[in-house]
Amino acid sequence: MSAVEWAGPPQDAAEILRRARQVAPVLRAKAPEIEANRTLPADVVELLRGTGVFRMCFAREWGGPELTSPEQLAVVEALAYGDASAAWCGVIGANSGLLGNFLHRSVVKDVYPSLDLVTAGVLAPAGRAERVPGGFRLSGRWSFGSGIKHSDWVTSGAFLFENGEPWAEPGSPHAHDSRQFLVPRSAVEVVENWDTTGLCGTGSCDYTMTDVFVPEEHTFTFWEVRGTPSPLAQPDSFMRALCGVPLGVARAALDHAREIAATRYDRMAGRSWAESWRVQTELARLEAEFNAAREGVYGAMRRQWEVLAAGGTLDDLTPTERAASPLSWLHAFRASRAVVNRLYDLLQTWSINRSSPMDRWLRDTAVMCQNLTAQDAVLESVGAYLLGRPPMFRISLGLDR
Amino acid sequence: MSAVEWAGPPQDAAEILRRARQVAPVLRAKAPEIEANRTLPADVVELLRGTGVFRMCFAREWGGPELTSPEQLAVVEALAYGDASAAWCGVIGANSGLLGNFLHRSVVKDVYPSLDLVTAGVLAPAGRAERVPGGFRLSGRWSFGSGIKHSDWVTSGAFLFENGEPWAEPGSPHAHDSRQFLVPRSAVEVVENWDTTGLCGTGSCDYTMTDVFVPEEHTFTFWEVRGTPSPLAQPDSFMRALCGVPLGVARAALDHAREIAATRYDRMAGRSWAESWRVQTELARLEAEFNAAREGVYGAMRRQWEVLAAGGTLDDLTPTERAASPLSWLHAFRASRAVVNRLYDLLQTWSINRSSPMDRWLRDTAVMCQNLTAQDAVLESVGAYLLGRPPMFRISLGLDR
Amino acid sequence: MTSEILHRARELAPVLRERAPEIEANRTLPAEVVELLRGTGVFGMCFGPEWGGPGLTSMEQTEVVEALAHGDASAAWCAVIGANTGIYANFLDQQVAKEVFPRLDLVVAGLLQPSGRAERVPGGFRLSGRWSFGSGVKHADWVTSGAFLYDGGEPWAAPGSKHAHDSRQFLVPRDQVEVIDNWDTTGLCGSGSCDYTMDGVFVPEEHTYTFATPQGRPGPLAQPDSFTRAMCGVPLGVARAALDHAREIAATRYDRMAGRSWAESWRVQTELARLEAEFNATREGVYGAMRRQWEVLAAGGTLDDLTPTERAASPLSWLHAFRNSRTIVARTYDLLQTWAINRSSPMDRWLRDTTVMAQHLVAQDRILQSAGAYLLGGTPEFGISLGLV
Amino acid sequence: MTSEILHRARELAPVLRERAPEIEANRTLPAEVVELLRGTGVFGMCFGPEWGGPGLTSMEQTEVVEALAHGDASAAWCAVIGANTGIYANFLDQQVAKEVFPRLDLVVAGLLQPSGRAERVPGGFRLSGRWSFGSGVKHADWVTSGAFLYDGGEPWAAPGSKHAHDSRQFLVPRDQVEVIDNWDTTGLCGSGSCDYTMDGVFVPEEHTYTFATPQGRPGPLAQPDSFTRAMCGVPLGVARAALDHAREIAATRYDRMAGRSWAESWRVQTELARLEAEFNATREGVYGAMRRQWEVLAAGGTLDDLTPTERAASPLSWLHAFRNSRTIVARTYDLLQTWAINRSSPMDRWLRDTTVMAQHLVAQDRILQSAGAYLLGGTPEFGISLGLV
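Quick mapping for you: the protein sequence lines, in order, are chains L, Y, E and F.
Letter 86 of the first sequence, counting from 1, is numbered 86 in the working numbering, and no numbers are missing.
When you read off a place in the second sequence, starting at 1, and then add 401, the result is the number in the working numbering.
When you read off a place in the third sequence, starting at 1, and then add 802, the result is the number in the working numbering.
When you read off a place in the fourth sequence, starting at 1, and then add 1191, the result is the number in the working numbering.
Bound conformation, chain L alone:
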């Protein structure tokens, strides 16, 4: 079943998408095992690696296929159609290629000798980095490090200190600067505390570091592009494809429900489900809501890409257009979850057994909606931005630090 064999790494978006679609049924079959393992089993990681998802963001200058954001999103949807946890780790692992745009050009080849390496980690600054000759000493505890167990590198946000004092670059808008720190996986200690019943397989454990030396050139920020400017060398680029996970799950659930519904007969009512107003209208309503949520993401993304690819910046978008992207991600998470919940109810007792994928999708989407990109903080921040007030959560709008 897991014997999916490909001839070498994929060369382009079409091939990666094709492979993602091909592994989806394999992932679906392995879902119970993925859940039980509470982190991706090694063979599943290799399956993902084979699709090229981990390399999909690498720029052409590094020999990568440099998928556009819409292309990346389609790949993530395809994987999530198989298994949400696997897709989640897929899109997180794919950050390697995006980080390549922010790292010193001199170290990219050393850090990523292969384009298929996985970077995990928590970007929000949670640790403490003390400046020492040639770099920093990093300590701290970070929460929700999805995919960390199978990662090759770990990037972590941390605040900078010099001689024990908070430090900021002269001219920085912040009282206290932070940066990303890239360390080999072996440098971190994983805390075994990922114990959810949804998105179980992501292994989103906490991790700690104590006094790990990180050379200056392994540090970076999302505000300084060091690679070739491109639509992917933007502070928000790593958030764009994440919502492919809920979208892929919702599509899978819609297809599953349509298939089940077409075969059921309601003995009490004396008619097939296919002729039932309840089933017909609810299924159609959910198609409408799903389509809208999905097109909302692609529409905002296309418009953004169009401007960026023409050499523009996010500032060239109207405020409404700029707000549209983070709003569309949040909406995709929430609408997908609502679609799954309502399909679960549509199928009634045909959903409740563990043998039905509805049971897993329900738990997966409930947990994934607690991710920051789907929280009310995004609404608050985008609303503040639209009303001319300083948003709290700036990176989702790609606002300069």
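Since the hints were made in silico from the structure, they are not lab data.
Quick reminder that beta carbons are idealized off the backbone N, C-alpha and C, glycines included.
Hints are supplied without guarantee of correctness; some may be wrong.
[What the hints assert, rightly or not] Computed spacing ranges between beta-carbons, pair by pair:
hint, chain 1, residue 1, chain 2, residue 2, range
1, Y, 670, L, 4, 47 to 53 Å
2, F, 1321, E, 1102, 52 to 58 Å
3, Y, 434, F, 1367, 38 to 44 Å
Model the placement of chains Y, E and F on the given structure of chain L, informed by the hints.
Then chains Y, E and F, alone, in the frame of chain L:
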């Protein structure tokens, strides 16, 4: 049609309720005229007066029927079943008897020589009262004075000033005290600015006063009970029955929809509406939501009344019980409006013509939901209270100033 | 007596909460938990004074169930099902009832909807079939099962019956059924709602009954809907527990990104208040309809003495309780964000419990259809939900 | 040419907004407003280059309609209906079409659903009946009406027809119909969607047509669903207008009770953002489905070349646009609280406009039923909504 004749004023709750139910169809028939007039026509005011609604809150010591809050609510529901604007003015006008509990005992008989007089006005402090010998000089502009045109007395909140400076009683928790000021209707100038398409007939115009002298004994606050202590001599008592208006409208809409639905035939689908899953399930769902909203109000109210009637105070309720009342009012407004909206859709093009009451109910409930009791500020305040923080909008919780 | 069962249920709730992981893992109530429930008297709460029972009203029963569900949903679910014993007793021949229920704390489980086949034989029936969702069947003393009647292999109906094919309930000792171990959900796990089968089990005539014919003292608990009334105490109890939990957690959290405590956050304040409003309305909707119904029935009336609106109100309020409680739990889960996702948070369990519970027949759209059709003069699919038998 | 119509529509919008009270009060578009619309070229926008027309794509048409609706819903509604002239032209005999539409800015109104009765007579038909909701009929040049065919008083169907009783469209000059002045709503007032009647009007054979048989150049605008595509531009334009209005108002208000500006209020920030999210999704859902459909049709394909999911996506996206736009308007109204209730606020009108609009057939549950049945292999009540003729 308007010839509803009764022998003298009603003596008890049952009789007032009976009369309210009896005038409801008359009010329904007069609804277009009430709307067009943008304030209650004089004969409608007399019709209401005849039911006893204006006297229903007067304590027995003043010869009033002293309806309990649940009884008052039932009367308001019954009136609103006929017309929302009329019911709105009914419950507002009924405040006379509640104010009787806070006025100096010495003036009650003078102010209300008849128990059927109407008090209107805006309680939230908006004006300015300068202390002068024997009383105050009052000036200001107040918004949304429902029923003011047909009122006998007007009560208005205003901040106190002494020699032009903000004034507070020694020991007051406020930096700046406010009070209610009762003036004869003739002392105020009504601004002709109520121009809505919903709740049109309430005539909720702004009004102004300039330097009106108000004697000290015509001023009062909701924190000082001067009548006999009772469940109605409480700061929140004037808010309790207002939600009878949306509840009465929603019940009317449910009954109307059931009646219409029972007679329609869907030619395109080839079945009667009574046999249509769409109509059956939606009607049932809305009954469930209506029942819950309505029982939520009565349940909280009964519990509150039980405690107060036993001589307790609002402080004897658990926080959850105390929060339940204002929450139930808000919920009644919002749920009733949602019920009306969804029934409008249920009846489709049978709703849209002005000849259908659905058209009016839609507009009435949309406007009434903008009343303070139905605003998010209530949720915020009650939530803060439940979480141990100071609520902004204290009176809805009957919290001591 | 009344308050004693409620008191004990409230005392037991925290114990049940503590044992919830164990109850889940066991996929049916552990024997010890069954005994704890038995100790509260819940299994006997529907037996009237003529049986020496406490004769709780439906409202009082629902309160007991809420209290237990505040602890654990699966335990409360099995409690309300086990408590139906005293209701079934009203439909059995009274002498037989005394024999089969020598004590008031025995548990009857089983699926009432007719799914099996009962062939008439001398003195009774031979019963065969497979029944689904037999909550609590593993720890039951008796099993009651709906089945269609056959005579000489042909569908049978009593002369004058309004059905083309009659069905009845069949009461058999627990050891006569074969339980299939197929309850494998992630919600309401501990209810052990397995399928069970029988093959040619002899059931004497006097161990059969129907809900159309009460044989005990007439009264509010001898009605065709009596046994469904208190079930909605389970979702209500869980929702109340979730709201209490959220209020407690919220009071202690600080939002570092926003720089304010949760207690000062508009998001938390308004959502918590909104959910209280919805919970209160939902719950009062149940008790309001139930009180009105009880008033009429206790005065000697029947369900036909209710107005159509009042009669529809009860099943609608139960459905509403299941659905809204579930929504409240889901929104509370979101309110607590990542504080809800770990298995150590009860929110995780409550989300799964209320989701599975909401698939029960009493919460399905067909209840809406039936009530709506009844109100409109159309054809209810499932008349029994309105006590139309 | 394309951008010229859109440009003019955008320029006209503020003028329409100003005239909205007058349009409402008139209960049909004032003649002057009709001429303003005519001046934008909107009535000719569906005529292809073969007619000397601009041949806007469905996406471009929808954008024009959105722009007009940003000004006034009733005007936009009449515009999109009047613009269908160029689509009807694709189903008429091409020579006849040139005669009846000598200019590209004539307006056709009427009700397409067969409601009347057409008796076959030599050379054509005698048409009688009453049609409902004839939006724009008062200012129309031609009226098209669906009617069932009769021959010698008997229902008639063409040999081999899949219907037991055939129907057709009948095009008659405006002066042959009698308009009944019964459009008396409080929303979409200016659309003048009155009933109209005809009694024995002779319609020559060549002025009859059906949407099953295009007679003009095949293409994306000669499809049975072509004329319904751009309608949802009306609710979308109104919702966008409401959101813009709310953002503008919110930026200036101060909440004295809370002591903070609306721009700093969590309530306003989150609700405005949530509504933007829902609006964007709804709108992109429409354009996404439409683009995919256009791509296939423009390449010479038919609706049958779409996957079932893709085919269902279009009518579902229209329904969704009507419903969500209305919800967005209602929630924006609540967001602005008492700032919305006065007649001087456009929110009052938009609330009424979108409520009435949402009762149109394209937004009714039967669209859901039909799409769902189609996807499940069941029986659609209203197949034409999926272009199933």
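Evaluation of the provided hints:
1. 670/Y / 4/L: 47 to 53 Å: Roughly 49 Å apart at Cβ, these two residues keep to the hinted range, so it holds.
2. 1321/F / 1102/E: 52 to 58 Å: 56 Å, holds
3. 434/Y / 1367/F: 38 to 44 Å: Holds, since residue 434/Y and residue 1367/F (Cβ atoms, about 39 Å apart) stay within the stated range.
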